[in-house]
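**Q** One-letter residues, chain by chain:
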Amino acid sequence: MEAATITRGGRSILERSPLARLPDRILRWALTGLALLILALIVYFFVRLVGQARPAFSRFGVFSFTFGNDWNVSAEHFGALPLVVGTLITSALALLIGVPVAVATALYATELCPRRLRAPLTVLVELLAAVPSVVYGLWGIFFLAPKLHGAEQWVADRLSFIPFIGGGVVTIPNYFITGLVLAIMILPIVSAISREVMSTVPFDHKEAALGLGATRWEMIRLAVLPYCRSGITGGAMLGLGRALGETIAVTILIGDAPRLGSHLFSQGYSLAAVIANEFGEAQGLHRSALFAAALVLFVLTLLVNGVARWFVVRASRTGGAAAGAGPTGGQLAAGAAAGA
Amino acid sequence: MSAHGAAQRTIARFAVSPARARRDRIARSAIAAATAIALVPLALIIYYLLKEGLGSWSGTFFTTDPTGNTFFKSVSIGGIKSAILGTIEIVALASAIAIPVGVAVAVWLVEFGRASRSALVVRFFVDVLTGVPSIVFGLFIYIVLIVGTGSTYAAYKGSFALSLLMLPVVVRASEVILLLVPGSLREAALALGAPRWKMILKVVLPTALPGMVTGVLLAVARAAGETAPLLFTVGATLKTSFSLGGAMNTLPLQIYYDVTSATNSIVARAWGAALTLVTMILILNVLARLVARRSRL
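Protein chains in written order, with the working numbering: chain A, 1 to 340; chain B, 341 to 637.
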């Protein structure tokens, strides 16, 4: 027997009337519009930024603006090398100091510490993310920098035979102290992502290692770290992105000297700091040069973050296979990245 | 006797050699030590904030506006009333923009976009927004709302800059929570004949609410502490203002300008303001965690 479809007015009575379907359609298109509006906004911002930066780029050329070693406001000559170098040195220092410590905290929290300590420890590390950048600057310049000044001078004197590290006069604001404070600032995000990735390591792998007689450390080295390598790399890159773009703490701590520092403990400048400091009074070509510096910074962070996302997503592909449906480790890690 | 010896030999054969045990001990203590080192800055920051900040806290500190960099000691430097109120106003407006938009985009990504190409593109751009340095947001708003309109600084422009900064955090945090809402709940609602908008409004969002509140509060806390996006958007004033169309003082800017001052009493005001700001942010963080505990997802 053929199932009869009861119809009224040409459609099944189970079907909603076009009028009743309208709210659904409206919601769908309104939300889609909103999402696409954000895309349009970002593209629009980028185009406008390029437009503002064009006078500086066309005057000096993109390459010689970015790598010219001369930032001279009064002579209206702008080469951003001292700023680029300052940004890169301080961020590299932040990674060098911050990442090992962050990975160690994540390892301790996920593998070694007593279960009762895990939550409080996580909260404490995340508290570091709650401290605003300007407070890091305040604390760094009035407490940390003066306290460490003697030790820095001692290191610089002892290592005077190594070019670029030692030998010079240590100033209170300098590259090293900036990198150190940046390391503290990126610690929570790198640690959060490492922890997320480490919690996706299958128990089988760890138990297999322990069952074969591995010590805890050998289990970490053989089962946990190799599994998490790309996730940790991604977390570190996200931390690098943060460090590159950090503005206020760096402006307070780096010394704001628009030239290449001769060594690790000398003053310098960074891309973000130069904008924060000079933009208020800048006119004409100077202003355009600052927009160009912002563009260089923007592209730099974009590249770093792009690579970071790629690593984190790759980590979630290997980690998410066992998780099946539901959010994968990578999505959770991305959420943690956004939240930290 | 010999049985005992055999048992010992068996244990010895399976035991970890002294060298490996030593390496294990060293590695584990190194990891524990690094963890302890990570917590040292936190302790130092909190200690110095309390030590230097509590000294400048007083009744008048919260009820008077700051005065400029006074050279004469007889003139009071004032408190931080305008900065506290300004921060609350600007962050409130920023939240009023970023939270609805962010949640809406997250709902679209999870309920409609899913794995479509346009959803992937939107996700990518949201990630791009996450990575944009905060000072660049300030410049974006400066170009569009100040150069573009030929007008001057205004508090609401600072709110726009902060909302851009909050947006990706709200989207990603809400998206993660929405993905945790069980599909069976959605199917149950649809099977009972609910249209999708009802299913989203009455089933999905209420289930996800506590979790989303956590992410949103963390975004608000992050925006409250930002200085860079406000530098070239809100303008400078020391007076209390309730007009979002004019210049406004904020805590981060007040601290930033006070740090660069050479006068001790003004630096003391910066510590007091910093303690106030960190306290406000910590309250938001604690609230976020309390709400998170209520989430059943």
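Careful, some of the hints might be misleading.
Stated by the list, open to error - Pairwise CB distance ranges, derived in the manner of DEER restraints:
| no. | chain 1 | residue 1 | chain 2 | residue 2 | range |
| --- | --- | --- | --- | --- | --- |
| 1 | B | Phe464 | A | Ser199 | 47 to 53 Å |
| 2 | A | Arg115 | B | Thr400 | 33 to 39 Å |
| 3 | B | Ile386 | A | Asp157 | 45 to 51 Å |
Stated by the list, open to error - One side of the interface only, derived from the structure: several residues of chain A facing chain B at Cβ under 10 Å:
| no. | residue |
| --- | --- |
| 4 | Val73 |
| 5 | Leu138 |
| 6 | Val155 |
| 7 | Leu159 |
| 8 | Leu285 |
Unchecked claim - If the Cβ cut is set under 8 Å, some of the chain A residues that face chain B in the computed set are:
| no. | residue |
| --- | --- |
| 9 | Leu34 |
| 10 | Val47 |
| 11 | Val62 |
| 12 | Phe63 |
| 13 | Val135 |
| 14 | Glu278 |
| 15 | Ala282 |
Calculated from the structure, these hints are not laboratory results.
A virtual CB, placed ideally from N, CA and C, is assigned to each residue, including glycine.
**Q** Take the hints in turn and mark each one as holding or not.
**A** Checked hints:
For the pair B:Phe464 and A:Ser199, the supplied restraint of 47 to 53 Å is violated, since their beta-carbon distance comes to about 25 Å. For the pair A:Arg115 and B:Thr400, the beta carbons lie near 48 Å from each other, so the given range of 33 to 39 Å is not met. Checked against the hint of 45 to 51 Å, the pair B:Ile386 and A:Asp157 fails, with Cβ atoms roughly 33 Å apart. Checking A:Val73 against chain B by beta carbon gives a least distance of about 17 Å; that is not within 10 Å, so the hint is violated.
With its C-beta approaching chain B no nearer than about 5 Å, A:Leu138 sits inside the 10 Å limit, and its interface hint holds. A hinted interface residue such as A:Val155 counts as satisfied when its beta carbon comes closer than 10 Å to some beta carbon of chain B; here the least separation is about 18 Å, so the hint is violated. Contact between A:Leu159 and chain B, as hinted, is not supported at the beta carbon level, the nearest pair being about 22 Å apart and thus beyond 10 Å. Violation of the interface hint for A:Leu285 is found here, the shortest Cβ-Cβ separation to chain B being roughly 15 Å, above the 10 Å cut-off.
Hint on A:Leu34 holds. Least Cβ distance to chain B is approximately 5 Å, under the 8 Å limit. Below 8 Å, beta-carbon pairs count as interface contacts, and A:Val47 has none with chain B, the closest being about 10 Å; its hint is therefore violated. The interface hint given for A:Val62 is broken, as the beta carbon of that residue sits about 18 Å from the closest beta carbon of chain B, more than 8 Å. Checking A:Phe63 against chain B by beta carbon gives a least distance of about 22 Å; that is not within 8 Å, so the hint is violated.
Below 8 Å, beta-carbon pairs count as interface contacts, and A:Val135 has one with chain B at about 5 Å; its hint therefore holds. The interface hint given for A:Glu278 is violated, since its Cβ lies 11 Å from the closest Cβ of chain B, which is over the 8 Å cut-off. A cut of 8 Å between beta carbons decides the hint on A:Ala282: the least distance to chain B is about 10 Å, and the hint is violated.
Hint violations for this structure: numbers 1, 2, 3, 4, 6, 7, 8, 10, 11, 12, 14 and 15, all remaining hints satisfied.
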